[in-house]
Every structure is written in structure tokens, then in C-alpha cells.
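A.B. asks: Taking the hints into account, I'd like the entire structure generated from these sequences.
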Amino acid sequence: MSIAKVNLKKKLMPENRRQLPKVLTGIEGVDLITDGGLPKARASLICGGTGTGKTLMAMEFLLRGARQFNEPGVFMAFEESTNDLIANVASIGFDLEGLITSKKVVVDFVYIDRDEIVEAGKYNLDALFIRLGAAIDAIGAKRVVLDTIESLFSNLPNPAVLRAELHRLFRWLKEKGVTAVITGEAGKDTLSRKGIEEFVSDCVINLTISIEGLVASRRLRIVKYRGSSHGTNEYPFVIDEKGISLVPITSSRLEHKVSTTRISSGIQRLDTMLGGAGFFQGSVILISGPSGTGKTTFMSYFADAACRRNERVVYFSFEESPAQIIRNMNSVGLSLDQWVKKGLLVMESKWPNQCGLDMHLFLAQEVIEEHAPKIVIMDPVTSFGNIANPRDVKRMLMKFVDNMKSLGITAMFGSLTPSGLPTDVAAVNISSLIDSWISLRDPESDGERNRGIYILKSRGMNHSNQVREFLISDHGVEICDVYIGAGGVATGGARLNMLAQEKALGLKLQEEIELRQFDLENKRNVLDSRIAAMRAEFAAQEASNLKMIAQEKTRRAQVSADRTAMGKVRNVDEHHTPVKAKRRSK
Amino acid sequence: MTDKPIDLRVHQKKETANAQSKKWILRLYVAGTTTRSMSAISNIKKICEEKLNGRYVLEVIDLYQQPLLAAGHQIIAIPTLIRELPPPLRRIIGDLSDTEKVLEGLDLKSL
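Chains as they are written, first to last, in the working numbering: chain A, 1 to 586; chain B, 1 to 111.
Certain hints may be false.
Selected chain A positions facing chain B (Cβ under 8 Å, derived; list incomplete) [claimed, not checked]:
{"id": "1", "residue": "L20"}
{"id": "2", "residue": "P21"}
{"id": "3", "residue": "L24"}
{"id": "4", "residue": "G26"}
{"id": "5", "residue": "Y111"}
{"id": "6", "residue": "E116"}
{"id": "7", "residue": "V118"}
{"id": "8", "residue": "G121"}
{"id": "9", "residue": "K122"}
{"id": "10", "residue": "L125"}
{"id": "11", "residue": "F153"}
{"id": "12", "residue": "L156"}
{"id": "13", "residue": "P159"}
In short, the hints are calculated from the structure, not lab data. Everything numeric in this text was worked out from a predicted model, so none of it was measured. Using N, Cα and C, we set each Cβ at its ideal position, and we do this for glycine too.
C.D. replies: Here's what the structure looks like:
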């Protein structure tokens with residue numbers, strides 16, 4: 001993809017612009033893919049089937065020339081009358097009548113009634129030249145449209161003469177120096193029914209309209225552009241009240257400025273999972289999940305958080321009306337209508353099949369241009385899968401993403417995962433465009449469905465790799481851990497069950513501990529009392545022993561005293577007596 | 001639509017009557033004095049003299065002189081001969097060298 005983009009860029013932006021002179025058409029997008037408009041002073045052919053917008057495109061080229069570039073123009077109409085043309089272009093916002101009055105535009109309706117005409121001899125188209133010349137000179141025209149000059153073939157006899165005359169006409173126009181646009185009805189296998197492309201060799205633009213699933217989409221392709229580089233793709237375009245717009249491809253270059261600013265998802269725990277700070281500003285976020293997993297709730301929370309930060313949000317819904325979303329979000333505690341009233345939140349609802357993909361993209365971009373939001377939410381993008389093939393949806397979203405990135409807008413897409421598919425497969429294969437992908441899932445177990453959230457990827461941040469369970473209640477979204485234990489991962493009732501079991505087990509353990517503590521305490525008490533008793537016994541023993549010792553001492557002292565007294569009585573020698581006496585006392 | 005053939009017959013009768021009695025007004029548009037223009041002028045003059053002796057007005061308009069008339073009168077081919085009167089309006093393009101076709105175109109065959 002990026003290679004293609006680079007090539008396109010090179011094609012659109014050649015290094016040296018030595019190309020033939022061009023005139024801007026003023027039609028959004030056309031000037032870009034033609035690298036500056038149509039070849040100046042030459043004729044370009046716009047061909048296509050009925051109702052593809054040939055006349056309108058030619059007319060817009062002329063009117064924008066007169067209005068924006070001060071290049072008056074002549075519109076030579078072979079199929080529609082002046083009044084019809086005035087009415088037709090009024091519907092796309094052009095005042096053709098005013099431009100005619102102010103001599104910026106001349107409309108010459110060439111009316112040919114085939115039944116009136118008889119050919120009687122050789123003729124040429126000098127009168128047409130004179131007519132055109134007079135009109136060009138009258139206003140100094142620089143642009144000429146011939147719509148559809150081919151119809152001459154069905155109204156005038158002798159095609160050979162006509163061919164020669166048309167060759168002469170285009171040479172003459174070139175000499176006149178006017179830039180011409182010719183329209184041609186597409187033939188079965190040819191660009192135009194009468195092979196008018198052979199006269200106009202410089203630039204051929206083909207318009208087509210295709211119907212896919214009841215929805216029409218218009219495409220434009222530059223078939224050839226002699227002497228100029230040009231985009232070669234089929235470019236989708238839309239016709240609305242402002243005329244033709246090529247769906248902008250202005251910035252199909254991978255050169256977006258990136259932001260390091262982080263913005264909250266509106267759910268604190270999710271921010272934590274996203275590296276602790278939420279999404280990157282200007283990133284592209286995908287919320288995918290099966291039906292009923294809460295995608296809209298997540299997106300509404302994101303919107304709510306942005307509005308709280310005083311940022312503008314545009315919310316495109318393709319399945320629910322704004323009123324319904326607001327009501328539903330009230331039930332989870334979000335009041336979005338306050339933001340709508342404040343003008344911070346713009347909600348747009350459309351059925352996907354209301355218009356073609358490109359029109360959707362175009363309308364979305366118009367709303368975005370008008371409101372200049374910081375955040376754009378599309379809920380869900382998978383509904384485009386109903387109206388177009390996945391490749392086109394991806395292309396459209398790619399353009400959209402590209403635009404959002406160039407504007408620095410954070411985009412959030414909802415994506416419905418069809419039941420039965422793995423949850424990490426988005427119905428629309430846009431995963432490569434996504435910066436942050438939140439996958440919601442609803443595993444079923446034990447007769448209940450629970451909601452799980454998982455960050456499938458989030459570029460540029462260290463995000464959580466855990467599956468979390470989340471609950472949506474009237475307080476909003478609550479993300480909790482899943483139970484991870486011996487029995488594996490459990491959610492919902494199973495998780496609560498596990499938790500209860502764990503709690504019971506804990507209680508039991510607690511009791512046991514308490515019991516042991518009590519026992520220990522008891523033993524300590526017993527020990528203490530024993531020690532006390534022993535101590536008391538010892539104390540009693542000690543007291544009695546001490547008493548006996550004291551008594552003995554007293555007695556011995558008494559004996560000694562008695563003996564001395566006796567000795568005195570017997571008149572024993574003073575010197576020897578103590579020894580003898582001592583011995584005896586022992 | 002259903003009574004168209006009847007209508008046509010009535011018209012043709014009227015025209016024939018007109019052709020015999022009333023004046024014819026013819027306009028020939030040319031561009032400059034090219035040989036083709038010149039031969040167209042002489043061709044129509046000859047036919048008119050033969051068929052409408054004295055009962056016609058032929059106006060030759062050179063669009064180079066009056067270019068705005070080309071758009072005004074819805075002319076694209078040169079030369080163009082227009083039968084203004086009697087109605088209905090007829091256009092014959094070419095240098096009028098094919099006399100049969102001219103008479104057919106002008107409804108003068110019966111005369």
C-alpha cells in the first residue's frame with residue numbers, strides 16, 4: 001500500500017514541472033489528479049454513460065472558470081435547453097442566469113429537428129463555427145463546452161461530412177486558444193458512441209456509475225492525458241449541492257505528524273492497561289467484539305471523557321439513532337445529552353445503505369469540517385460491509401483514517417465480530433490501519449456469558465497483555481481482574497465462586513491459627529504456674545534451711561560458752577584448754 | 001395521433017393551395033462568397049423561377065455579415081435554406097444541387 005502511495009505522490013508531484021500549460025477546473029480533486037487541470041487551449045473529452053454527470057462536470061468547469069478564474073465561457077448545448085440548464089445547475093448552487101446576464105457565460109442551445117431537415121447537396125458546419133465564434137467573441141470566452149456534439153450524428157445526414165467537420169472544428173478551437181470540453185455518450189465497448197475520442201486526443205476523462213447492493217457509486221478515471229502525468233486510478237466522486245467533489249485524496253502520503261499526547265479512554269482501569277495513560281492523540285482505535293459486548297458503551301465513555309476535557313466529538317452511528325444511544329447510555333450512568341446540548345457532542349445517524357460509500361465518506365468529512373472535532377467515532381464500520389465489498393470498505397476507511405491523521409483527529413471505530421468467528425478477526429480487514437485495538441469478548445461458561453476485555457495491540461506503548469473481565473452496571477464500566485488460580489482463568493459467577501471458596505478456606509485457616517495460638521498461650525500459662533510453684537517450694541526450703549543453720553550456730557555458740565564456763569570451774573590450763581576444748585567440740 | 005393521416009392530407013391540400021396562390025418566403029443562409037454559397041444561390045433561384053414564378057421572396061443572409069442570426073435562427077450547416085412560409089417550417093441543407101431533394105423538401109414536387 002505504501003509503495004502505491006509513494007508512486008502516486010511521485011506522479012502527482014513531479015520533480016520538474018515541465019508540462020504543457022493547463023487551466024484549473026476548480027472542481028475539487030480533479031485539479032489534483034490531473035496535476036493542474038485540463039490542457040490549456042485544447043479539447044478534453046468527458047465521456048460516460050447516461051446519468052454519470054458528464055454535463056454537470058462540463059458545466060462546472062465552465063461556471064467555476066467564469067466565477068473563480070475570471071475566464072468567461074460558452075456552453076453550447078445540443079441536448080438541453082437553456083432554461084433546463086439554468087434549473088439544473090441551480091440545484092448545485094450555481095447562478096447560471098446571473099452569469100449570463102453579467103456576460104460571463106453564454107449558453108447557446110442548438111436545436112435540431114431531424115424531421116425538418118432535408119439534405120440536398122454538399123454542406124459544411126460553417127454556421128456552427130460562426131455561432132460559436134460570435135459567442136466566444138461576445139464575452140471574450142476562454143472556455144468552451146460542447147455538450148453533446150455527438151448528437152449531430154443522429155440529427156444530420158452524411159456522417160463522413162460530419163467527421164471531417166468535427167476535425168476542422170477542433171483544429172479551429174485550438175487556433176482560437178480556447179480550452180474546450182466535449183462530452184460524449186459512452187458506447188457499448190467504446191468510450192463514446194460515435195468514436196468522438198478520435199477527435200479529442202489530448203485528454204480523455206471517463207465517468208462511470210456502478211450499482212452495488214442497491215447503492216450507486218460514481219467513479220472518475222483519466223483514460224489519457226497526452227503530455228502530462230496524471231493519476232491512473234478510478235477515483236470515486238460524489239455530486240451533491242455543491243457540485244462534483246472527488247473524494248479527497250489530498251494527503252495520501254504517509255507523512256502525518258504524530259502526537260505523544262495521551263488521552264483517557266474514559267475508563268480509568270483501561271487507561272492503566274494502556275501503558276497507564278490511555279490512547280495516543282491522533283491514533284486510530286478499533287473496538288471490536290461480538291454483538292452485545294458493550295462496544296457502544298466503551299465508545300460512549302470515550303466520547304464522554306473527551307467532552308469532559310472540553311473537546312469536541314463527532315459520533316457517527318450507522319445502526320442506532322442518537323436518541324437511542326443517549327437513552328441507552330443513561331442506563332450505564334452516562335448523560336450524553338448534556339454534551340449534545342452544549343454543542344460539544346455531535347451525533348449523526350445514517351443507515352449504511354442510505355448512500356454510497358464515497359458519499360458516506362464525503363458527508364462525514366463535511367460534518368468533520370464543520371465541527372472541527374478532536375475525536376471522531378464511527379459505530380460500527382462493519383455495517384459498511386453490507387453495502388460494499390470489503391476491499392472498497394477498506395479503501396474508504398483508509399482514506400478516512402488518512403484524513404483523520406492529517407488533521408490530528410483521534411478516530412475510534414466500532415467493529416462487529418460476527419458470532420462464530422474468532423474474536424481477533426475483524427469483519428472488515430482494517431487491522432493494519434489500527435493503532436490501538438481493544439477486543440471485547442464474551443466467553444460462555446457455566447450457563448452464563450461474561451465480558452472480557454483484551455488489548456490486542458496498541459502501537460507505541462507498553463500495554464497490558466492480560467484479559468480482564470469487565471462488568472457493565474448502572475455505575476458504568478468496571479474492569480476487574482479475572483480469577484487466575486489452580487483451576488485456570490475464571491470469570492463471572494465462576495470467578496465469584498472461586499473467590500468464595502478461597503474465602504472459606506481462609507476462614508478455616510484463620511481459625512486454626514487462632515486455635516494454636518490459644519493452645520500455646522495455655523501451655524505458657526501452665527509453664528508459668530509450674531515455675532511459680534517450684535519457686536515457692538524452693539523458697540520454703542531455703543527458708544527452712546537457713547533457719548536450721550541459724551539454730552545450729554546458736555547452739556554451737558551456747559556449747560562453747562558452756563564449756564568455758566565449766567573450764568573455769570575446773571581451773572584448766574589457760575593455754576591448752578582451748579585446743580582440747582575445740583577438739584572435743586567437734 | 002390516431003387522426004394524423006387525415007390531418008396530413010388536409011395540410012397537404014392547404015399547402016398546395018397556398019403554393020398556388022400565396023407568397024412564399026424563403027431564406028438562404030450562406031457564409032461568404034464561396035463557390036458553394038454561390039451555387040446554392042443560383043440553384044434555388046432557378047428552382048423558384050421555375051416553380052414559383054413571381055410568388056416568392058428569397059432572402060439571402062450572409063452569416064459572416066450577421067453572425068448573431070446563426071444562433072437566433074438555429075442554423076448550423078451552410079448552406080441552409082429555410083421555408084418560412086407557407087408553414088410548416090422546412091430546412092434544406094446543402095448546396096441545393098440535388099433538385100429532386102430540394103423540390104421534395106419544399107413540397108414543390110406536385111407543382
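A.B. asks: Answer holds if the nearest beta-carbon of chain B is closer than 8 Å to that of L20(A); otherwise answer violated.
C.D. replies: This hint is violated: L20(A) lies away from chain B, its Cβ roughly 31 Å from the closest one there, beyond 8 Å.
A.B. asks: Would the hint on L24(A) be counted as holding, given a Cβ-Cβ threshold of 8 Å to chain B?
C.D. replies: violated, 29 Å
A.B. asks: Does the nearest C-beta of chain B fall within a distance shorter than 8 Å of the C-beta of F153(A)?
C.D. replies: Hint on F153(A): violated, closest Cβ of chain B at ~13 Å, above 8 Å.
A.B. asks: Please check whether P159(A) passes as an interface residue: C-beta within 8 Å of a C-beta belonging to chain B.
C.D. replies: violated, 14 Å
A.B. asks: Please check whether E116(A) passes as an interface residue: C-beta within 8 Å of a C-beta belonging to chain B.
C.D. replies: Check passed: Cβ of E116(A) comes within 5 Å of chain B, closer than 8 Å.
A.B. asks: Do the numbers back the hint for G121(A), that is, is its least Cβ distance to chain B under 8 Å?
C.D. replies: holds, 3 Å
A.B. asks: Report holds or violated for the interface hint on L125(A), using the least CB-CB distance to chain B and a cut-off of 8 Å.
C.D. replies: holds, 6 Å
A.B. asks: Does the CB of P21(A) sit less than 8 Å away from some CB of chain B?
C.D. replies: violated, 29 Å
A.B. asks: Once the shortest beta carbon distance from K122(A) to chain B is found, is it less than 8 Å?
C.D. replies: holds, 5 Å
A.B. asks: Does the nearest C-beta of chain B fall within a distance shorter than 8 Å of the C-beta of Y111(A)?
C.D. replies: Cβ of Y111(A) sits 5 Å from chain B, so the hint holds.
A.B. asks: Quick check on the hint: L156(A) CB to chain B CB, less than 8 Å?
C.D. replies: Holds, about 7 Å.
A.B. asks: Given G26(A) as an interface hint, is the shortest Cβ-Cβ distance to chain B below 8 Å?
C.D. replies: violated, 27 Å
Comparing the model with each earlier hint shows violations of hints 1, 2, 3, 4, 11, 13; every other hint is respected.
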